[in-house]
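Enquirer: Position chain Z against the provided structure of chain F, taking the given hints into account.
Sequences listed follow chains F and Z, in order.
Sequential numbering from 1 applies to the first sequence in my numbering.
Sequential numbering from 428 applies to the second sequence in my numbering.
It is possible that some hints are incorrect.
Said to hold, decoys possible - If you anchor each label on the Cβ, the simulated ranges turn out as follows:
hint	chain 1	residue 1	chain 2	residue 2	range
1	F	Ala-125	Z	Asp-565	54 to 64 Å
2	F	Asn-27	Z	Val-476	28 to 38 Å
3	Z	Asp-472	F	Arg-417	29 to 39 Å
What the hints contain is simulated information worked out from the structure, not anything from laboratory work.
Every residue, glycine too, gets a C-beta built ideally from N, C-alpha and C.
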Amino acid sequence: MPSSSHEIRDPVHNFIIFNDLERDLLNSRPMQRLKYIKQLAFTYEVYPGATHSRFEHSLGTMELASQAFDIITRKGGPKLLAELGWSENDEDRCRQVLRLGALLHDVGHAPFSHAPESLMPDGIAGHEDFTERIIRSADIRPIIERSKPFNIDVEEVVAVALGPKKKPQEDASLQLLGELVAGELGVDRIDYLVRDALHTGAAAGRFDYQRLLNTLTVINHPETGTPVLAVEAGGLHAAEGLILARYFMFLQVYFHNVRRIYDRHLVDFLEAWLPNDRFPSDLDGEDGYLSFTDERVTQAIDHALHNAALGTLASRLRNRRHFRKAYEVPHDAMSKDPDIFENLTAYIQQDFPDQVRVDESKKETYTLEPGEVYILTDDGPRDILTVSELIQHLRPIWIGRVYAEAGVREQVKTKCRRFVEERGDAP
Amino acid sequence: MKESERLGLIARIIQKLNEAGSWTGRTHIQKDIYLAQELLALPSDYPFVLYQRGPYSFDLDSHIRSLRAIGAIDLELMPAPYGPRYCVTQFGRAISQLHPLDADLDQALTSLAQTLGNKTARDLELLGTAHYVLTEGDAPDEDRISRLVRLKPHFSAEQAKAALEEVRNLEKWFKST
Numbered sequence: 001m002p003s004s005s006h007e008i009r010d011p012v013h014n015f016i017i018f019n020d021l022e023r024d025l026l027n028s029r030p031m032q033r034l035k036y037i038k039q040l041a042f043t044y045e046v047y048p049g050a051t052h053s054r055f056e057h058s059l060g061t062m063e064l065a066s067q068a069f070d071i072i073t074r075k076g077g078p079k080l081l082a083e084l085g086w087s088e089n090d091e092d093r094c095r096q097v098l099r100l101g102a103l104l105h106d107v108g109h110a111p112f113s114h115a116p117e118s119l120m121p122d123g124i125a126g127h128e129d130f131t132e133r134i135i136r137s138a139d140i141r142p143i144i145e146r147s148k149p150f151n152i153d154v155e156e157v158v159a160v161a162l163g164p165k166k167k168p169q170e171d172a173s174l175q176l177l178g179e180l181v182a183g184e185l186g187v188d189r190i191d192y193l194v195r196d197a198l199h200t201g202a203a204a205g206r207f208d209y210q211r212l213l214n215t216l217t218v219i220n221h222p223e224t225g226t227p228v229l230a231v232e233a234g235g236l237h238a239a240e241g242l243i244l245a246r247y248f249m250f251l252q253v254y255f256h257n258v259r260r261i262y263d264r265h266l267v268d269f270l271e272a273w274l275p276n277d278r279f280p281s282d283l284d285g286e287d288g289y290l291s292f293t294d295e296r297v298t299q300a301i302d303h304a305l306h307n308a309a310l311g312t313l314a315s316r317l318r319n320r321r322h323f324r325k326a327y328e329v330p331h332d333a334m335s336k337d338p339d340i341f342e343n344l345t346a347y348i349q350q351d352f353p354d355q356v357r358v359d360e361s362k363k364e365t366y367t368l369e370p371g372e373v374y375i376l377t378d379d380g381p382r383d384i385l386t387v388s389e390l391i392q393h394l395r396p397i398w399i400g401r402v403y404a405e406a407g408v409r410e411q412v413k414t415k416c417r418r419f420v421e422e423r424g425d426a427p
Numbered sequence: 428m429k430e431s432e433r434l435g436l437i438a439r440i441i442q443k444l445n446e447a448g449s450w451t452g453r454t455h456i457q458k459d460i461y462l463a464q465e466l467l468a469l470p471s472d473y474p475f476v477l478y479q480r481g482p483y484s485f486d487l488d489s490h491i492r493s494l495r496a497i498g499a500i501d502l503e504l505m506p507a508p509y510g511p512r513y514c515v516t517q518f519g520r521a522i523s524q525l526h527p528l529d530a531d532l533d534q535a536l537t538s539l540a541q542t543l544g545n546k547t548a549r550d551l552e553l554l555g556t557a558h559y560v561l562t563e564g565d566a567p568d569e570d571r572i573s574r575l576v577r578l579k580p581h582f583s584a585e586q587a588k589a590a591l592e593e594v595r596n597l598e599k600w601f602k603s604t
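Okay, chain F solo, but in the shape it has when bound (with noise of 0.2 Å):
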């Protein structure tokens, strides 16, 4: 078993517990690099207090990822492992594969986490898979094949950093840490909230997950058998405080006006600065993936601002020349008529193309589809929908902007405001 303990002071959680491996694991340089990615990329010009890191957000997640474990396996007892098919000695081993991937699952992060997550190199998809190679890297691989007794396979860890919707499992123990990592009601979501909340002050995102944590428990699905997360009828409304408290940071900080307009010009000032507009797919070396930081891209603004050919997609970053909403879509009128947004896009970007920039929400997933969360009821598991009218009216959002530069902000409004009456008699 891995040897001597060392202990980290957090914020949210207080004293973070590690072991030899875990730290040679933070100690790595990938992980290192986390501390210069901020959580929420450029939150900060909105909430002053959002400069926390990838790196505190790790280290919370693989704290809540073994207490949610403890809580789990101490309820399942020996009929849980039996299911899962793993020996009293697995347990440990399960708990530390855990462990391993709660915090290596954001060690692929792009500078300023996913604002530019639409410039990862062809054959890239989004960080994930520069997660599943920085795992199997030269960098994290050999530390994690030391962990005796253990014997971990990086696979393992891949499985359960990924989680099991970006990488499914045929393996049900595999497919259960897993989804207490990336799920639902999985532990990454659960730090990422408490920790928005407090450093961005948005009470909003405050919620009772202590109580969430220790009602998790393990069921069997109702139409598959195979072994899910579900929360006993006592921690309904913590769940329902965890549905709801990402609902609302979603309307109050993720997808809050000013911020979305820096992810926008951030992207527009990488395009033009990085070689071929995209990041490198290479990890090593001096321009490799793993170069990139924060820090660097900061530092580039910084010098582009005397630059003739980045010198204003610079400033309106560093000087606050952000373009200002000018037009947000009513939502019926989204409703009515599902190509209204792309219409209008096309129409406004034909006469301000260089002016106006346009941002779309409507792929975000912030309520739950039937078979999503269980409650463990006394009559048995029931989807969450069935037992809370709250979750059950909670409508998924769908928001469309339409951004321009100051000097022809009234046009464009005028002309959207337009555009979207004409059409108001669609179906």
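Expert: Relative to chain F, chain Z alone:
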């Protein structure tokens, strides 16, 4: 495919499942559209991966959420122990008519909804996975059955064999009609 066309198409398929008397849960919609793409060349082009209950498309999932966001489908609560089911609203019916389908395809989609609609989510999980396994390349049936049982250990080898047979029959039937 434009957004309205895609959303209209899914709304139409959900309507067909509703009309076939189907429970119309998420698994029904996912497996119906998966098999419609595979057997009927439905031009929706969703990428499917093997997920917890067989072939699953996250893009399709996102569009189902969009349909709820615009009020084209709604959830109907059913008495315990059942979960909620999806129902097409009047608005959903309206957008499904915006881009009419080829008549033969439309008829084939009705037949598929009638064939799959009243199966349980568990049966559809096996049927969808059986088709997925058939697309994985040449292999003797014994290997396919073993693979299917390994993927879905809560089914027996006999059930896996029957599912492979059923998928092949469906394929033949739709080809002949």
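Enquirer: Hint by hint, note whether the structure agrees.
Expert: Results of checking the hints against the structure:
1. F:Ala-125 - Z:Asp-565: 54 to 64 Å: violated (29 Å)
2. F:Asn-27 - Z:Val-476: 28 to 38 Å: Check passed, 35 Å falls within 28 to 38 Å.
3. Z:Asp-472 - F:Arg-417: 29 to 39 Å: holds (35 Å)
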